[in-house]
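Peer 1: Fit chain B to the known structure of chain A by using the hints.
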Amino acid sequence: MTGKTFEPITMQGPVCPVPHHHTDTVVIGHGSGGTMTQDLIRNIFQSRLGNAYLEQGNDAARIAIQGSAGELAVSTDSHVVFPLFFPGGDIGRLAICGTVNDVAMLGAKPAFLTAGFILEEGLPMETLTRVIESMAAACEEAGVQIVAGDTKVVEKGKADGIFINTAGFGLIPPGRDLGGQLAQPGDVVLISGTLGDHGIAVLQARGDLGFESGIQSDAAPLNKMIAALLEAIPRVHVLRDPTRGGLATTLKEIACQSQVSIHLEEESIPIRPEVRTACDMLGFDPLYLANEGKLIVVLPEENANQALEILRQNPYGAMATRIGSVSAADPEQVLLHTPYGTTRILDMLSGEILPRIC
Amino acid sequence: MADPTPDFLSGYRNAKLVKTVLAEIRQTVTQPWTLMEICGGQTHAIMQYGLDQLLPDEIELVHGPGCPVCVTSLELIDQALMIAQQPEVIFTSFGDMLRVPGSTADLFSIRAAGGDVRVVYAPLDAVKIAAQNPEKQVVFFAIGFETTAPANAMAVIQAEKLGLKNFSILPANVLVPPAMHAILSSPQNRIQGFLAAGHVCAVMGYWEYPSIAEKYQTPMAVTGFEPLDLVNGILETVKMLEEGRVAVENAYSRVVTFEGNKVAQQMIAKVFQPVDRNWRGIGTIPLSGYGLTETYEPFDATQRFNTGEIRTEESKICIAGQVLQGIKKPSQCPAFGTLCNPQTPLGAPMVSSEGACAAYYRYGRKSS
Chain A
1 MTGKTFEPIT MQGPVCPVPH HHTDTVVIGH GSGGTMTQDL IRNIFQSRLG
51 NAYLEQGNDA ARIAIQGSAG ELAVSTDSHV VFPLFFPGGD IGRLAICGTV
101 NDVAMLGAKP AFLTAGFILE EGLPMETLTR VIESMAAACE EAGVQIVAGD
151 TKVVEKGKAD GIFINTAGFG LIPPGRDLGG QLAQPGDVVL ISGTLGDHGI
201 AVLQARGDLG FESGIQSDAA PLNKMIAALL EAIPRVHVLR DPTRGGLATT
251 LKEIACQSQV SIHLEEESIP IRPEVRTACD MLGFDPLYLA NEGKLIVVLP
301 EENANQALEI LRQNPYGAMA TRIGSVSAAD PEQVLLHTPY GTTRILDMLS
351 GEILPRIC
Chain B
1001 MADPTPDFLS GYRNAKLVKT VLAEIRQTVT QPWTLMEICG GQTHAIMQYG
1051 LDQLLPDEIE LVHGPGCPVC VTSLELIDQA LMIAQQPEVI FTSFGDMLRV
1101 PGSTADLFSI RAAGGDVRVV YAPLDAVKIA AQNPEKQVVF FAIGFETTAP
1151 ANAMAVIQAE KLGLKNFSIL PANVLVPPAM HAILSSPQNR IQGFLAAGHV
1201 CAVMGYWEYP SIAEKYQTPM AVTGFEPLDL VNGILETVKM LEEGRVAVEN
1251 AYSRVVTFEG NKVAQQMIAK VFQPVDRNWR GIGTIPLSGY GLTETYEPFD
1301 ATQRFNTGEI RTEESKICIA GQVLQGIKKP SQCPAFGTLC NPQTPLGAPM
1351 VSSEGACAAY YRYGRKSS
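Chains as they are written, first to last, in our numbering: chain A, 1 to 358; chain B, 1001 to 1368.
Isolated chain A (complex conformation) (with noise of 0.2 Å):
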């Protein structure tokens, strides 16, 4: 191999293939959640739509109702997830927890939900029992009711077995005011536990990891300990849950829509060794992975702590914990500080999440 000898090359100039920008057609990039996803709702959706409780940009809708004091919460939801059950939980649980969530991102009590489920012929009647079933008991642990709903079926192929929509309504409260524009300087970022377990549970029961673990999705239902939450603080200014694109992304739409800098401490981030050394094997960073059952709380500094107490009485809140704070300096960044004295920019995810080659 090193027989032949090298003679000096003359390197070419720029190269560099055109971009393609995908505006033609849909890919799978923009179902990411990250900033394709925000071109697709921002181009076609509410170029169209748009109104002024799209334009709130938060989990869900505040709708005020006339003659009430509070006002109305509505968030709605797809799932789309394979396999339909991975440890930890299962696309029935995922249709509800995700739009409880939501809905009580905004202080809202959720109460009613609808559910439309389209369903691929030939999916077995056992498996949609088992998904209703799991649906039935997050109902009850987080204290909804659906109340209205629809089925549709499809030719075989034309769906993965089964699709769910939700849709979610609460109460919010006379005086509550939360929201990702709210995050003031001088807060503290609180989150609920560890970052990533969801992205890693549903990859690995695909079966194509070649490696195996016991990391479980964290989906669940965090109403109860948002309502506990509020009531003994309601300062908070900003809930919200890190699905798809992570923690990073979550923080990143914060600060553009609080025009604030918000800066982590590497070391604090709790994330599991599991989830870390399936990330660096697969070249994933966990600050993008999805997250279903975790809080994000944005909070003044002097109630940080009993906060923290608050979220860990509740199990899904037991490794709560402080990861940062919120500056008025470089607004719209997301800046973290690592234990080596360097600071990296986390931006937002751009499209899916691709795994390296080695």
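These are computed hints drawn from the structure, not numbers from a lab.
All C-beta atoms in this analysis are idealised placements derived from N, C-alpha and C, irrespective of residue type, glycine included.
Between beta-carbon pairs, the in silico distance windows are:
1. B:P1056 with A:F82: 45 to 53 Å
2. B:T1030 with A:G341: 21 to 29 Å
3. A:I63 with B:S1010: 45 to 53 Å
4. A:F211 with B:S1010: 19 to 27 Å
5. B:K1016 with A:G214: 27 to 35 Å
6. B:Q1086 with A:I28: 17 to 25 Å
Peer 2: Quick look at chain B alone, frame taken from chain A:
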């Protein structure tokens, strides 16, 4: 919560130890030195941990062409896209190849248009897919440096053993030593020392490197990927430069031996032979890639499918070529972060998370 780092790595990510080595680098260095880390995985780690922010001003790191996704030629990508479009084909690839733009499309768009494009985590998974789908032609895009070559070779050997007539690979492996020759022999070369790619050396050993170091009077340190590995590799290289010594030191001895992995090398030699290869941004480098040996030619997808003539049209703005040779920093590109970002990459280095531009973008290097 306790330190989330797995035990076996905690020492190599220990901030105190890293700072100790950095202090030693600061004590050692007396003049400016330009080093190249050859491997994209190293670029990624340097950016992720912000190690470049901690080095003394005298030391400049330039990022080498060690990202297989970035250097895979447009022709090969267009061939891949053409094959992936065939209705009888299941096209399999490592994940980050899906976003790399060919002349008119990428693998994501092929998939959106109905092509069966699947991400695999290992080449043997593609063989499994072939065994499960006898009515389909399964093609694996065999990219990577010497690191992936044994697994790619293994897939071919396994397919042969199973008698699979419906499996083939698109051979695209590239080799590090010829690229080092190309960089060091270039009239524009600025590189004074190399951090050799630890995982490539884990497979190939580093017996090929002393002659390169000698020929171009450029010291090298075989370097790993954790923060402590990286600063150790830099320290070893700087020591040699300061002493005026030209040698190849192994700063990754927990993984790399001089001879490398003999079994893996034998497997590579059985399936592959060095061929000339076109590198995106560099040009054709003699004997810098792996093609299939005569015995295994039937597994060559380019022979099985009529891949035809492919024309190349390139963006005039992107400076990927200079970035991949270490002549320019990603942030010196006029398109960086504006026209070119991970979502709409102008150049391959922005596409892969191992690419230098993507690492700069992700980890917030606005300017240098």
